[in-house]
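Fit chain B to the given chain A structure using the hints.
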Amino acid sequence: MAIAPDRTGIYEGTRVPRPIPTVLEVPPHLRGSDDILSVNFGPNHPSTHGVLRLVVDLNGEEVVGLEAVIGYLHTGFEKSMEQKTWWKAITYPERIDYVSFQYNELVFVLAIEKLLELEVPPRATWMRMLLCELTRIHSHLVWLGTAALELGAISMFWYCFRERDRILDLFELVGGTRMHTRYFQAGGLAEDIPPGFFDECAKFVELMPKGIDDYEGLVDRSPIWLERTKGIGLLSAADAIALGQSGPVLRGSGVDWDLRRAQPYLAYDQVDFRVPVYHNGDVYDRYRVHLDEMRESVRIVDQALRRMPDGPWIADDRKVVLPPREELHTSMESLIHHFKIVTEGYRVPEGEVYVAVESPRGESGCYVVSDGGPKPWRVKFRAPSFVALEATATCMSNALVADMIAVVGSLDTVMGDCDR
Amino acid sequence: MAADASDGAYARVPGLVETKHAHGETTLVVDPARLREACTYLRDELGFDFLSDVAAADYLGWGANGVSGSIGTAAGRDLNRPNTQGYQSLPGQKPKRFSVSYHLLGIRSGAPRVRVQVWADDGEPVQSVVSIWPTADWHEREAWDLMGIHFEGHPNLKRILMDEDWEGHPLRKDYPIGGEPVRFSPAE
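Protein chains in written order, with our numbering: chain A, 1 to 420; chain B, 1001 to 1188.
Some hints could be false.
[As the list claims (entries may be wrong)] To be clear about the criterion: a stretch of chain A counts as covered by chain B if any three or more of its residues have a C-beta under 8 Å from a C-beta of chain B, and this derived list gives those stretches:
(1) 16-26
(2) 255-266
(3) 343-357
(4) 361-373
(5) 385-392
[To be verified] Rough simulated footprint, nothing fancy, chain B against chain A, three-plus residues with beta-carbon under 8 Å:
(6) 77-85
(7) 205-216
(8) 234-243
Derived by calculation from the structure, the hints in this document are not laboratory data. Being a predicted model, the structure only gives us computed values, none of them experimental. Note that beta-carbon positions come from the ideal geometry of N, C-alpha and C, so glycine has one too.
The shape of chain A in the complex, shown without the other chains (with noise of 0.2 Å):
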């Protein structure tokens, strides 16, 4: 393992390069030497987390320039959704950052019911915070079991997918499919929580931290591990707010931000968490902060099971939400209300929200404009894949190539939410 110049602790003033913050140039002494030598990694590469591609100019082992390039999973998610009725479009968002599906889900639903001014039962905000919560050790889980893999810790991978699966069974359990649950609807949830779903999420809830101890124990203490992850990838706090960064990037540059608690949204001022901090801004700390939040996740969806309220799980609102289906052979006004919604989609009143949700890579936001019709006029994600990327040349100045691996895995990044 190769050294790299200076790895104690994090730096003076700022590295975020001139004039373009994302692109690393390379020096003028060096420019035009024999020495330098231009590597395209990927776009297809199994540790660029689906199609990124990375143009790296090296010098020896040293990166001297690297520029991303983008766009490579650019599927016309927004514009598609312009397409489609509000009540269609919810599909999308979830299909955008399919990692951490439900987020993407949760920010749209929340901006619809924003311009709605549509008030959700409190079993609906409860269980979305729970579902939530588990999207987000999920995400982790993915996150942390592809980053060590590429790392060379292959077993961690194992490990971590043992957990994965035990959530995605609950996610079958409570929408019936594993993935791009579409359980959230304006106004609440598509269906009540299923029977089965508080005693199976239970049992979770008790396994999980054993899961984490495991992890834990696989790679905390390798010096293989330390060695490739501490001092890597610096980050200060100064260039991560600059650079947009969110979530365990920025708390792992010494940021205590976290949305859940700096702007409560669903019921997250009614739980207890803490929010981890770390402050070297390095790979390892973003690790720290990643694993950290893994166990305050489950103690939230500790607290989400065990004080789930009672009561309707969707609002009552019959010009936006469904009619119960059992009323569809009583009722004509059930029954044309159904039609309505489905064919001709209900209306949102004209205006502009931005809504931010904290998902797991950070902040989740979504800009929607309504001209008053049944479809979205304009819908734009922020989204934290896509800033995050924006970091990779500052956090690659001093580093070696083998440090990228690492670098690009500890940003977090998921391509599909990146190029939308």
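Relative to the frame of chain A, chain B by itself:
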């Protein structure tokens, strides 16, 4: 430390055209020629140190026949016309074709948020804010790529999500949907 983010404080934002409140959100419409000045003021004086997002929107055909309504088309039934079913009014007029919204956040207690908005017609440049928030780099490139908004002073304004040689800006309302022709055999 930053002053309180209130209407009184916003009134001193350079180039402020209008302040709007809706759904608990504040929108500051700003003169595009003084955008950089306004953003510098918001960051340094009012403490909005974090740029969450830059979102461009195209309002071509806003409120016109056939644009809204899942069944209505230019030739057929228009659900958005007054005195038809649904809302009984057309949406309010927009000053220009494109809007660019900057969603700012203050990393401090209370998590204050504000939306800075500028309006531009096709071809009119908007000042780049990369020098104020480096994170704007890719956001502005995306708005250029998908919406065709030109950011003046951006150090690297090129396509980001679409291919380098792509023609047109796909998220514009006049960009056709329906896919591109695919050849299934060399004979076609």
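Each hint, compared with the structure:
no., hint, result
1, 16-26, "holds (count 6)"
2, 255-266, "holds (count 5)"
3, 343-357, "holds (count 11)"
4, 361-373, "holds (count 7)"
5, 385-392, "holds (count 4)"
6, 77-85, "holds (count 4)"
7, 205-216, "violated (count 0)"
8, 234-243, "holds (count 3)"
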